[in-house]
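S.K.: If you want the building blocks of each chain, they are given just below.
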Amino acid sequence: DAGVIQSPRHEVTEMGQEVTLRCKPISGHNSLFWYRQTMMRGLELLIYFNNNVPIDDSGMPEDRFSAKMPNASFSTLKIQPSEPRDSAVYFCASSLGRGRAADTQYFGPGTRLTVL
Amino acid sequence: AQKVTQAQTEISVVEKEDVTLDCVYETRDTTYYLFWYKQPPSGELVFLIRRNSFDEQNEISGRYSWNFQKSTSSFNFTITASQVVDSAVYFCALVTQGGSEKLVFGKGMKLTVNP
Numbered sequence: 001d002a003g004v005i006q007s008p009r010h011e012v013t014e015m016g017q018e019v020t021l022r023c024k025p026i027s028g029h030n031s032l033f034w035y036r037q038t039m040m041r042g043l044e045l046l047i048y049f050n051n052n053v054p055i056d057d058s059g060m061p062e063d064r065f066s067a068k069m070p071n072a073s074f075s076t077l078k079i080q081p082s083e084p085r086d087s088a089v090y091f092c093a094s095s096l097g098r099g100r101a102a103d104t105q106y107f108g109p110g111t112r113l114t115v116l
Numbered sequence: 117a118q119k120v121t122q123a124q125t126e127i128s129v130v131e132k133e134d135v136t137l138d139c140v141y142e143t144r145d146t147t148y149y150l151f152w153y154k155q156p157p158s159g160e161l162v163f164l165i166r167r168n169s170f171d172e173q174n175e176i177s178g179r180y181s182w183n184f185q186k187s188t189s190s191f192n193f194t195i196t197a198s199q200v201v202d203s204a205v206y207f208c209a210l211v212t213q214g215g216s217e218k219l220v221f222g223k224g225m226k227l228t229v230n231p
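Protein chains in written order, with the numbering used here: chain A, 1 to 116; chain B, 117 to 231.
Incorrect hints may appear among the rest.
DMTMM-like cross-link-like pairs, simulated, lysine to aspartate or glutamate; straight-line CA separation at most 25 Å [what the hints assert, rightly or not]:
1. Lys119(B) <-> Glu14(A)
2. Lys78(A) <-> Glu160(B)
3. Lys24(A) <-> Glu175(B)
4. Lys226(B) <-> Glu44(A)
5. Lys154(B) <-> Glu62(A)
No lab work stands behind these hints, which were simulated from the structure alone. Since we're looking at a predicted model, the values are computed, not measured.
Let the hints inform the model, and build the full structure from the sequences given.
M.R.: Structure representation (structure tokens):
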């Protein structure tokens with residue numbers, strides 16, 4: 001079975017540019033999560049969806065960040081405009097999301113974003 | 117509020133040594149779930165184990181074992197006869213029933229196994 005798919009794997013952009021990260025969750029999973037990993041802050045949850053609906057976006061750093069999930073098999077995380085401090089690895093994860101906290105989250109390979 | 121503490125930031129061992137990675141958690145919820153993930157040098161996050169708060173039985177999977185003790189709020193991970201391929205950053209994480217699906221991660225512990 002295919003795992004969580006993320007694209008691109010690496011992104012280098014210049015400050016001020018728009019960046020779009022993409023994620024395809026595991027088929028049949030109802031919850032999708034976006035995390036950011038940095039040396040300073042570790043792994044932090046940005047936003048998560050259940051059945052395509054945003055449930056908790058309290059981790060989204062500021063208005064420059066937005067996330068969408070137009071259907072069960074696709075989500076995007078957009079940064080506009082990007083800044084050097086957004087440089088990080090962005091992970092997407094998915095879980096069965098049956099409304100139980102016990103469901104294991106499976107992670108994609110991550111997108112390493114560098115903003116110059 | 118939920119919190120996970122991995123006090124050790126980095127450990128270096130020689131192959132075949134046993135090593136224990138500590139994890140201490142904080143939560144006021146009575147129903148919660150604990151996880152360990154492995155992040156090898158290639159960068160992906162690999163799920164290792166999930167444990168719920170009502171099951172304190174220790175678990176063994178090959179060279180890996182986990183010791184869950186509610187009395188000390190700890191969920192420690194032991195690798196027996198470590199191998200070079202075990203070199204990675206290991207994360208302990210917590211999610212509570214009252215916290216929806218929000219995983220709270222510890223800061224991770226980097227394990228280096230030298231040949």
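S.K.: Hint by hint, say whether it matches the structure.
M.R.: Hint by hint, here is what the structure shows:
1. Lys119(B) <-> Glu14(A): Cα-Cα ~35 Å, so violated.
2. Lys78(A) <-> Glu160(B): Holds, at about 21 Å.
3. Lys24(A) <-> Glu175(B): Violated: lysine 24(A) and glutamate 175(B) sit about 32 Å apart, past 25 Å.
4. Lys226(B) <-> Glu44(A): holds (18 Å)
5. Lys154(B) <-> Glu62(A): Given that 25 Å is the threshold and the Cα spacing comes to 29 Å, the pair is violated.
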